[in-house]
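Novice: The lines below spell out each chain.
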Amino acid sequence: MDRHEYRNLVILVLPTGIFCVAFFLLPMARLVLIGASGERGIAAYLDIVTTPRHFESLIATLVLSITVTATALVVATISGLFLERNRFKGRGVLISMLTFPLAFPGVVIGFMVIMLAGRQGLIGIVSKALTGDKIVFAYSMAGLFVGYMYFSIPRVILTIMAAAEKMNPALEEAARSLGAPQWRIILDVILPALKPGLIASGAICFATSMGAFGTAFTLATNIDVLPMTIYTEFTLNANIAGAATLSIVLGLITWAALYIARNLSGSNVAAAG
Amino acid sequence: MSDLKDQGTAINLLSCAKTFAGGVQALEPLDLEIAGGETVVLLGPSGCGKTTTLRIIAGLEEPDPGGRVMFGDDDVTRLPIEKRKIGMVFQSYALFPNMTVRENIAYGLMVRRMPKPDIDRRVGEMLEMMHIGDLEFRRIDQLSGGQCQRVALARAIAVQPRVLLLDEPLTALDAILRTRLRVEIDQLLRRLGITAVYVTHDQGEAMSLGDRIVVMSRGRVEQIGTPRDIYYKPNNDFVAEFIGTINRLRGIARGDHVEVAGASLPWSANRSGGEVEILFRPENVTISNLKSAHLKGNVVTSFFQGDRTKLILDGLGERQVIIETTDRVEFIAGQEIGFRIDPDSMIILNT
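Top to bottom, those sequences are chains F and G.
All residue numbers for the first sequence refer to the working numbering, where the first residue is 1 and numbers rise by one.
All residue numbers for the second sequence refer to the working numbering, where the first residue is 1 and numbers rise by one.
Worth flagging that the hints you see were computed from the coordinates, not collected in a lab.
Possibly wrong hints are sitting among the right ones.
Distance windows between CB atoms, simulated [unchecked claim]:
| # | chain 1 | residue 1 | chain 2 | residue 2 | range |
| --- | --- | --- | --- | --- | --- |
| 1 | F | Val-74 | G | Leu-79 | 51 to 59 angstroms |
| 2 | F | Ile-186 | G | Arg-113 | 12 to 20 angstroms |
| 3 | G | Asp-314 | F | Phe-88 | 56 to 64 angstroms |
| 4 | G | Gln-160 | F | Lys-166 | 27 to 35 angstroms |
| 5 | G | Gln-142 | F | Leu-9 | 30 to 38 angstroms |
| 6 | F | Lys-166 | G | Ser-144 | 19 to 27 angstroms |
| 7 | F | Phe-88 | G | Arg-190 | 53 to 61 angstroms |
| 8 | F | Ile-186 | G | Arg-138 | 21 to 29 angstroms |
| 9 | G | Ser-208 | F | Leu-191 | 39 to 47 angstroms |
Stretches of chain G that chain F covers, calculated by requiring three or more beta carbons in the stretch to come under 8 angstroms of a beta carbon on chain F [stated by the list, open to error]:
| # | segment |
| --- | --- |
| 10 | 85 to 92 |
| 11 | 104 to 113 |
| 12 | 154 to 161 |
Ideal Cβ positions, reconstructed from N, Cα and C, are used throughout, including at glycine.
Make the full structure from the sequences, and use the hints.
Specialist: See the structure below:
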């Protein structure tokens, strides 16, 4: 590359570079420093493990995100495959309804979960009429789970449908001709073909669930997921250093998940979202 | 490898028709008897029903009610493909991309829960037979098209199927490779003695591989016969036009000769006079001097092809006439030439 080309390249990259430095690197660096600015310095990062409330919140968020990701993958893969392989009346409407939640902010999703499973929710009314017991789970981990599932499923369905469309139908026929029963075909042909899509959409689900705030904020009166803990530390406890360390840890976990997924699938993870 | 030798299962299709959703009839009721060990080629243009027929034999499609598929004495009509013990080779190869060459070949054996030492032995035999031993541990995306098709054949044969079904296996390959693999497939089928059904739209493949050819068009069988029958004695217009190159001239029969394009041809057939259609193939003519020629035409173009020269002639009717000669003479456009038609090779169709 000669000097002229090099100069052009620098000019072309400059806008992205400025944006990245101004809105990502500088605040992140500041966050890292703030996190270490307390009286205990860099050791403050250990607090997330040693402070029970922080650690519990971290574990709860991880468990919730992993459960949501796994469940969404199973449910959406089955529905995605079905939708891709069957043509029926109303299919288009059904697909657009299933992908609809992508357009909703987390607050609205939280609100919908309350409408469903809250104190005045539909499930409560029905269960009371049937058994006399009012079932309410909107404000617990179960409520969060339902809400997160709601916005995770469309991400996976769309990716799976795209991957299933590209599958060569002769592969399944070949496996069948060799005597493979249906479960073997799923294991040996379909899942391997969907693997990149599953990893990509799984990573997106996980990352979104780790960082989701709106839904948690609407529902979480007595549950602490990591984004909620950060919010509480920052606004109520004015523990700015603590909020910063938690933010950095949350960011690192999410980034690592996306990075691993990108390497495993070998395809463009971001494009899958 | 004598254990590879199979007596071959006979296949019998009894009034198998296929109507797809939407009412399109892809196949009219078809009766077809295939002897054990025979290679039958289903030949025709796209949409003729050849692939549907193959898929009915495979068990990937069910015939319309009333149709029956027999493998020997077994009625397999209701049996899904995975229970029919067939081997199938696809145009797109359909190799499992997440497995190595070895795993692909072993797949059918593994599914059948064959003991590991037996699988190893069998896969070894297949690798040797298809000359792909050095590819054993390759990934599928590291293979060329020809290598892929060899692996696909090995995988289909490894399970010792009752019948082998091949769906345009060579179409995706380039011309040279296609010819070479055609020879290999032919030798393989002879050696295995397996009943094989081969679908293609390439008449060259059909002629060289088939014990018998089933020529199909628009869901109907046009003719069933040996390659020679089909080529020399086409049943109808479609078969005559589809197989090889053919010339057709209109004429009027008068006693022992036919008047064609202002000339006279010997006419041995004991048919009543009137309008007839004479069909002849490019290679069944000999160039002669203008005086003793049956017919004369003007050269439009000549294509030198090494062993022979192909000439396109006009002035003999509505359509141009194509003839071939092995004479080492150069022809120029506009030149008038005369030729004689071998009377025995003339095809006369009922019009």
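Novice: What hints, given by number in increasing order, does this structure fail?
Specialist: 1 and 7
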